[in-house]
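**Q** Using the sequences and the hints, build the whole thing.
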Amino acid sequence: MKTFISFSTLIVATLVSLSSFGQETYKADAILTAPVSYSGIANFLEGTTTAANQRNTGENDIESPLFGAIQGSDSVCAYGDPVTYSVAITTDGQGNPLQFFWFVPADWVIVSGQSTNQLTVIPGMASGQVAVFAVGYCICSYSCKEVVSEDCNVITPLPVELMSFNAARAQSAVILNWSTASEKNNEAFVIERSNDGRTFSSIGKVAGNGNSDRVINYTFSDTRPMNEVTYYRMKQIDTDGKFEISAVRSVERAGNISAEPAKVYPNPTAGLLKIEMPANTSASATVSIVSATGQTVFSGSAASISGANSQIDMSRFTSGLYILNINSGNNLESVRITKL
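Counting from 1, position 154 in the sequence shown corresponds to residue 155 in our numbering; the numbering is continuous, with no gaps.
Think of the hints as simulated: they come from the structure by calculation, not from any bench.
Treat the hints loosely; a few may be bogus.
[Said to hold, decoys possible] When the alpha-carbon atoms are kept at most 20 angstroms apart in a straight line, the in silico EDC-like pairs for lysine to aspartate or glutamate are as follows: (1) Lys243 <-> Asp223; (2) Lys243 <-> Glu188; (3) Lys264 <-> Glu277; (4) Lys185 <-> Glu151; (5) Lys146 <-> Asp75; (6) Lys185 <-> Asp214; (7) Lys206 <-> Glu162; (8) Lys264 <-> Asp214; (9) Lys185 <-> Glu245; (10) Lys146 <-> Asp108; (11) Lys206 <-> Asp239; (12) Lys185 <-> Asp239; (13) Lys236 <-> Glu277; (14) Lys264 <-> Glu253; (15) Lys206 <-> Asp241; (16) Lys243 <-> Glu193; (17) Lys206 <-> Glu229; (18) Lys236 <-> Asp223.
[What the hints assert, rightly or not] What follows is a list of derived Cβ distance ranges for each label pair: (19) Gln115 <-> Val149: 19 to 29 angstroms; (20) Glu151 <-> Ala208: 32 to 42 angstroms; (21) Ser180 <-> Val298: 25 to 35 angstroms; (22) Gly114 <-> Asn186: 45 to 55 angstroms; (23) Gly205 <-> Thr240: 16 to 26 angstroms; (24) Ile111 <-> Asp75: 12 to 22 angstroms; (25) Ala182 <-> Leu322: 37 to 47 angstroms; (26) Asn178 <-> Ala107: 49 to 59 angstroms; (27) Glu151 <-> Ile111: 15 to 25 angstroms.
Beta carbons are placed, not taken as given, at the ideal position from N, Cα and C, and that holds for glycine.
**A** Structure below.
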């Protein structure tokens, strides 16, 4: 008995011995005279059983005796790196080239190789079958494999979600306040202080709340702040010893206002930062730029950048908050700089 298999509407191939579609190599008494177009596995009939019914059984992958199993990963990351699937051969037993037709889940993107024995795709969220038909002068063969697509971009929540961290003068002391939105394995907060924004030392410790999914407010008082400007940062420590360091906050001493401060502009800036030093600035004074993590990213003498509209190229630094320090011994002037 002869059975017809329709490849869309372009051709009709007459096959013989169609007893177990997808698991045998079949001979055809029709020669392909036009390109094959195929829109879905469900259009292929095997007696009263469709290939789509086979696909939905959840059974093992179907392996073609012509070119074996499809090679490639059984588990992929949705919208991740491209993935390649392939079969072993490119010709039939007589050396005639095969034309390949690949089928993937609906939201996958085929990058290349649709008509070859090697297909490159970018997986979507849908899991399902990767299937291939090989069509030649006198053969038609089918193979497929089940593939699970997963969301691999799972964001691991930080141990502590810090909402705010502020420092402000209150008479002769400095009060530090911070809040957390959630905590996980949070052992403690260590408060660190510096007079130059670079070298920090611990001045106190506040116990954490371990695990929490609610807002918690903390406070710490520094009753002996340092000279003109005091810099603060906080180290959050987990129960396993890992830690995160906060941004740096600075507080000026009350009443300590320079009669002639440096002029720094534009601020914020994405490029050149212009600095006009006070006329009475000592040539031995040092100028430095410190990042929010306490790293000195620029250092030089006041003499090296003295004069009107001296400038520092900020484009080489990453975006964020920086502190410009002008240190002339007994006087430390600090300006917050925002790098765009």
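**Q** Run every hint past the structure and note whether it holds.
**A** Here is how each hint holds up against the structure:
Under the criterion of a C-alpha separation no larger than 20 angstroms, the hint pairing lysine 243 with aspartate 223 is inconsistent with the structure, at around 25 angstroms. For a cut-off of 20 angstroms, the pair hint linking lysine 243 to glutamate 188 stands: about 10 angstroms separates their Cα positions. For the hint linking lysine 264 to glutamate 277, the alpha-carbon distance of about 5 angstroms falls within 20 angstroms, and the restraint holds. Pair hint lysine 185 plus glutamate 151 does not hold up; C-alpha atoms about 26 angstroms apart against a cutoff of 20 angstroms.
For the given pair, lysine 146 sits about 8 angstroms from aspartate 75 by alpha-carbon distance, which is consistent with the 20 angstroms threshold. With a C-alpha separation of about 9 angstroms, the suggested pair lysine 185 and aspartate 214 falls inside the 20 angstroms cut-off, and the hint holds. At roughly 18 angstroms between alpha-carbon atoms, lysine 206 and glutamate 162 fall within 20 angstroms of each other, so this suggested pair holds. Annotation: proposed proximity of lysine 264 to aspartate 214 is violated, straight-line Cα distance about 45 angstroms (limit 20 angstroms).
As the CA atoms of lysine 185 and glutamate 245 are separated by approximately 13 angstroms, the hinted pair is consistent with the 20 angstroms bound. For the suggested pair lysine 146 and aspartate 108, the alpha carbons sit about 17 angstroms apart, so the restraint of at most 20 angstroms is met. A C-alpha spacing of about 13 angstroms is found between lysine 206 and aspartate 239, which places the hinted pair at or below 20 angstroms, so the restraint holds. Under the criterion of a C-alpha separation no larger than 20 angstroms, the hint pairing lysine 185 with aspartate 239 is consistent with the structure, at around 8 angstroms.
Between lysine 236 and glutamate 277, the direct Cα distance comes to roughly 35 angstroms. Violation of the 20 angstroms bound is thereby established for this hinted pair. Under the criterion of a C-alpha separation no larger than 20 angstroms, the hint pairing lysine 264 with glutamate 253 is consistent with the structure, at around 18 angstroms. A distance of roughly 17 angstroms separates the Cα atoms of lysine 206 and aspartate 241; the hinted pair therefore holds under the 20 angstroms criterion. The hinted pair formed by lysine 243 and glutamate 193 meets the criterion: a straight-line CA distance of about 17 angstroms does not exceed 20 angstroms.
Taken as a hint, the lysine 206 and glutamate 229 pair is broken in the structure, with Cα atoms around 24 angstroms apart against an allowance of 20 angstroms. For the given pair, lysine 236 sits about 16 angstroms from aspartate 223 by alpha-carbon distance, which is consistent with the 20 angstroms threshold. Checked against the hint of 19 to 29 angstroms, the C-beta distance between glutamine 115 and valine 149 comes to roughly 23 angstroms, which is consistent with it. A hinted range of 32 to 42 angstroms for the beta carbons of glutamate 151 and alanine 208 is consistent with their spacing of about 39 angstroms.
Taking the beta carbon of each, serine 180 and valine 298 are about 29 angstroms apart, inside 25 to 35 angstroms as hinted. Distance hint check for glycine 114 and asparagine 186: the Cβ-Cβ separation is about 47 angstroms, which falls inside the suggested range of 45 to 55 angstroms. Between glycine 205 and threonine 240 the CB atoms are about 19 angstroms apart, so this pair conforms to the stated range of 16 to 26 angstroms. Distance hint check: the CB atoms of isoleucine 111 and aspartate 75 are about 19 angstroms apart, consistent with the given range 12 to 22 angstroms.
A C-beta distance of roughly 21 angstroms is found between alanine 182 and leucine 322, which places it outside the suggested range of 37 to 47 angstroms. A beta carbon spacing of about 52 angstroms between asparagine 178 and alanine 107 agrees with the range 49 to 59 angstroms that was offered as a hint. Against the hinted window of 15 to 25 angstroms, the Cβ-Cβ separation of glutamate 151 and isoleucine 111 comes to about 20 angstroms, which satisfies the hint.
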